[in-house]
Amino acid sequence: MTLEYTGRLDDETVFDTSQKSVAEETGLAEAQPEREYTPLTVEIGAEKVIEGMEEGLIGLEAGETETLTIPPEKAYGEPTDENIQEFETEELREMLGGQTPEEGSYLEAQNGSQGEVVHVDEETVRVDFNPRLAGETLTFDVEIIDVN
56 MTLEYTGRLD DETVFDTSQK SVAEETGLAE AQPEREYTPL TVEIGAEKVI
106 EGMEEGLIGL EAGETETLTI PPEKAYGEPT DENIQEFETE ELREMLGGQT
156 PEEGSYLEAQ NGSQGEVVHV DEETVRVDFN PRLAGETLTF DVEIIDVN
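Numbered per the working numbering, the sequence shown spans residues 56 to 203.
There's no promise every hint is true.
[As the list claims (entries may be wrong)] Here are the simulated distance ranges between beta carbons:
id : residue 1 : residue 2 : range
1  : GLU178    : ILE113    : 35 to 43 Å
2  : GLN87     : MET150    : 23 to 31 Å
3  : LYS103    : LYS75     : 42 to 50 Å
4  : ALA164    : GLU119    : 22 to 30 Å
5  : ALA86     : GLY132    : 22 to 30 Å
6  : ALA84     : GLU178    : 36 to 44 Å
7  : VAL202    : GLY152    : 44 to 52 Å
8  : GLU178    : ALA101    : 14 to 22 Å
9  : GLU79     : THR135    : 32 to 40 Å
10 : GLU106    : ALA86     : 24 to 32 Å
11 : ILE113    : GLU158    : 38 to 46 Å
12 : GLY153    : ASN203    : 48 to 56 Å
13 : GLU157    : GLU79     : 15 to 23 Å
[What the hints assert, rightly or not] Derived DSBU-like pairs: lysine-lysine, alpha-carbon spacing no greater than 35 Å straight-line:
id : residue 1 : residue 2
14 : LYS129    : LYS75
15 : LYS103    : LYS75
16 : LYS129    : LYS103
Keep in mind that the hints were calculated from the coordinates and are not lab data. Note that the Cβ used here is the ideal one computed from N, Cα and C, for glycine as well.
Construct all of the structure, not just a fragment, from the sequences and the given hints.
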C-alpha cells in the first residue's frame, strides 16, 4: 500500500510528512534538508510502522483519504523512568572528547537511539532516551495512492 501522510500532535504541530509542500510550509524541510519527501509504501503485517497506523490502514482503498488518531499505547508508548539513564559527568566528558554535554542537547547511544540531556551537574548527567513522541496522541491525515 502506498500513501501520502502528514502527522500532527494535539497542538497541531506537524512532526512528519511525506509531502514536500507541507514540509516547506511547516519548517520541516529546513530542519531536515537531506530528506526526500516521497509517498510511503507500507506492507500491512510487516510491523514497519506503528501499530495504530497499520491497524488504521487495513481495508482502505486507492483514492481514499482518512484521518487516523492514534493513542500513545498504539504509537510510541508512555515515557518511562527506565529510559532515563544516568552517567558520571567525568566519564561522559571523556567519552565526548573532553566536552561537557549541555542540557537540551542530544546524544546518540551505541545502539543508535537518540537521548536528550535533561540534567547536568558536577557529578551526574541524566539523558532521556524515551522516544521523542512517547506519551503523544498522534493524528495522521493519509491519502491512499495505491493498494497492491
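Notebook entry, point to check: Has the hinted range 32 to 40 Å been met by the Cβ atoms of GLU79 and THR135?
Noted result: Given about 35 Å between the Cβ atoms, the range holds.
Margin query: 35 to 43 Å was suggested as the range; check whether the CB atoms of GLU178 and ILE113 agree with it.
Written below: Check failed, 51 Å falls outside 35 to 43 Å.
Next item on the list: Take the C-alpha atoms of LYS129 and LYS103, compute the straight-line distance between them, and say whether it is at most 35 Å.
Entry: Cα-Cα ~13 Å, so holds.
Margin query: Given the hint of 38 to 46 Å, is the C-beta distance from ILE113 to GLU158 inside that range or not?
Written below: holds (42 Å)
Note to self: Taking 44 to 52 Å as the stated bounds, is the beta-carbon spacing between VAL202 and GLY152 within them?
What the structure shows: 50 Å Cβ-Cβ, so the 44 to 52 Å window holds.
Item checked: 15 to 23 Å as the expected CB spacing between GLU79 and GLU157, which holds or is violated -> violated (30 Å)
Checklist line | 35 Å limit on alpha-carbon distance, applied to hinted pair LYS103 and LYS75 | finding: holds (22 Å)
Next item on the list: Return holds or violated for the Cβ distance of GLN87 and MET150 against the range 23 to 31 Å.
Entry: holds (27 Å)
Next item on the list: Evaluate the given range 48 to 56 Å for the C-beta pair formed by GLY153 and ASN203.
Entry: holds (53 Å)
Notebook entry, point to check: Is 42 to 50 Å right for how far apart the beta carbons of LYS103 and LYS75 are?
Noted result: violated (22 Å)
Next item on the list: Can you let me know if the beta-carbon spacing of ALA86 and GLY132 is within 22 to 30 Å?
Entry: With a Cβ separation near 24 Å, ALA86 and GLY132 satisfy 22 to 30 Å, so the hint holds.
Notebook entry, point to check: Between GLU106 and ALA86, does the beta-carbon spacing fit 24 to 32 Å?
Noted result: Since the Cβ atoms of GLU106 and ALA86 sit about 26 Å apart, the hinted range of 24 to 32 Å holds.
Going down the numbered hints, you'll see the structure goes against 1, 3, 4, 8 and 13, while the others check out.
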